[in-house]
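Q: Please build the complete structure, drawing on both the sequences and the hints.
Those protein sequences? They're chains A and B, same order as listed. Every letter in the first sequence is one number past the one before it in my numbering, and letter 152, counting from 1, is 152. Every letter in the second sequence is one number past the one before it in my numbering, and letter 57, counting from 1, is 57.
FYI, nobody ran anything at the bench for these hints, they're computed from the structure. Please note: incorrect hints may appear among the correct ones.
The calculated label-pair distances, taken between Cβ atoms and stated as ranges, are [unchecked claim]: (1) A:Asp-111 x B:Val-167: 21 to 31 Å; (2) A:Arg-139 x B:Lys-65: 15 to 25 Å; (3) B:Ala-168 x A:Arg-16: 15 to 25 Å; (4) B:His-145 x A:Leu-186: 16 to 26 Å; (5) A:Val-154 x B:Ala-30: 48 to 58 Å; (6) A:Ala-135 x B:Trp-26: 43 to 53 Å; (7) B:Ala-75 x A:His-156: 46 to 56 Å; (8) B:Arg-63 x A:Arg-16: 30 to 40 Å; (9) B:Arg-66 x A:Pro-144: 32 to 42 Å; (10) B:Trp-26 x A:Arg-161: 24 to 34 Å; (11) A:Val-19 x B:Tyr-70: 22 to 32 Å.
Just so it is clear, CB atoms sit at the ideal spot from N, CA and C, and this is done for glycine as well.
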Amino acid sequence: MPLEQRLRDGFHRSARTIVPDVEAGLRDVGTRRRRRRVVRTTVRVAAAAAIVTGVISIGPSIASFLDDNRVPAGPSPTATAPPGTPIDGRWVTPSLSRQEYLVAIPSKYRDEVSRNQDVTVSVSFELTLEDGRWAEIERRPDRPPVEGQAGTFVVHGERVRMTDSTGTTYIYRWTISGDTLTLAVLRDTAGPTGGVPDRVFQHLIYELQAFTRVS
Amino acid sequence: MAEIDAIQLCEDEGNRMATLDDEYAWFYRAEYPMVSRTVFFVVHDRAKAEDIAQEAFVRLLERWKRVSRYERPDAWVRRVAIRLAIRSVQRERLRPVLERKLELSSDAEPVDVDLLRAVGELPVRHRAAIVLFYFEDRPIAEIVHILGCSESAVKVWLHRARKSLAVALQEEAVEDAP
Chain A
1 MPLEQRLRDG FHRSARTIVP DVEAGLRDVG TRRRRRRVVR TTVRVAAAAA
51 IVTGVISIGP SIASFLDDNR VPAGPSPTAT APPGTPIDGR WVTPSLSRQE
101 YLVAIPSKYR DEVSRNQDVT VSVSFELTLE DGRWAEIERR PDRPPVEGQA
151 GTFVVHGERV RMTDSTGTTY IYRWTISGDT LTLAVLRDTA GPTGGVPDRV
201 FQHLIYELQA FTRVS
Chain B
1 MAEIDAIQLC EDEGNRMATL DDEYAWFYRA EYPMVSRTVF FVVHDRAKAE
51 DIAQEAFVRL LERWKRVSRY ERPDAWVRRV AIRLAIRSVQ RERLRPVLER
101 KLELSSDAEP VDVDLLRAVG ELPVRHRAAI VLFYFEDRPI AEIVHILGCS
151 ESAVKVWLHR ARKSLAVALQ EEAVEDAP
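A: Structure representation (structure tokens):
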């Protein structure tokens, strides 16, 4: 058989054995894009590593947070909660410095997360929960706000199930103490991004800092 | 009144996004399998191929509004995917890539493993050119666009790749191409 024919036949026979799950991929591609929007632009890995080296001693030790089973105490809705579910409202985290952000990324994922994401400035996250709809926004100084995840949510007792537009579901345990909302990720059905488990991003956005009610 | 306007704006935006997503989803369903197969023949690692193809489609989605107006968005996404694949192979060239298992599904019909191994031994750009030419049946002009190089470079790569494959597979190379 001539080489050219063998090449064509060989490629096409092999290709028929590769059948990717297109629908799962389509859901995942949306999830990855949202992750990019959470913290965008590039950062030099070397610079990031230098920053990490400088602040590692003062940063929170969360290298093993993936195995962390801590859950907050049961919900304690306060009198300040508006009508709707106890967690309805607009919530914001304190501003997270780039150093704090970097050290919050497990070291084995740090390069990959840093490759495409903006850890060059401080960031705060805003969470709006209202009438069954949820939206997350990131805010940085001197930059326009960036829309992150959004979708619908349902509260069941001390748990809240959030579903984004691609059908990906996240379940969190929530606690309110005064005007502070704390979330703990219980379930995350999103696939990894560039080898980084989605749980890493969930931790950075929702768990790392408590939210404070602003309205 | 302002509130009604704001709601209308949100609905308009929602409708626009829905249309955009539909178009993108259609394109994704049509092109993703082929792109991931092409990347597989370059990186020889199924999981990595799908991840690279996925990354290319994420970048496409981020630029969909602009790229969808291009004459050949399929060439654009291949260009990104192939470049990522080449970079991935170059990063791992210290690892014995060919010793990694060729991951094919268990119910695969007989595949020409010798051919895949021989292709895998080619320099990565030669490999990409061969895959685009013989697997995707892309004309030289498109391969030039996808690989971002000159026409003469692609012709040289194809020629050298055929020569290497002919020796490795003990086949006679017939220049059915430029």
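Q: Each hint should be assessed against the structure and marked as holding or not.
A: Verification of the hints:
{"no.": "1", "hint": "A:Asp-111 x B:Val-167: 21 to 31 Å", "result": "39 Å, violated"}
{"no.": "2", "hint": "A:Arg-139 x B:Lys-65: 15 to 25 Å", "result": "24 Å, holds"}
{"no.": "3", "hint": "B:Ala-168 x A:Arg-16: 15 to 25 Å", "result": "23 Å, holds"}
{"no.": "4", "hint": "B:His-145 x A:Leu-186: 16 to 26 Å", "result": "48 Å, violated"}
{"no.": "5", "hint": "A:Val-154 x B:Ala-30: 48 to 58 Å", "result": "35 Å, violated"}
{"no.": "6", "hint": "A:Ala-135 x B:Trp-26: 43 to 53 Å", "result": "27 Å, violated"}
{"no.": "7", "hint": "B:Ala-75 x A:His-156: 46 to 56 Å", "result": "48 Å, holds"}
{"no.": "8", "hint": "B:Arg-63 x A:Arg-16: 30 to 40 Å", "result": "31 Å, holds"}
{"no.": "9", "hint": "B:Arg-66 x A:Pro-144: 32 to 42 Å", "result": "19 Å, violated"}
{"no.": "10", "hint": "B:Trp-26 x A:Arg-161: 24 to 34 Å", "result": "30 Å, holds"}
{"no.": "11", "hint": "A:Val-19 x B:Tyr-70: 22 to 32 Å", "result": "28 Å, holds"}
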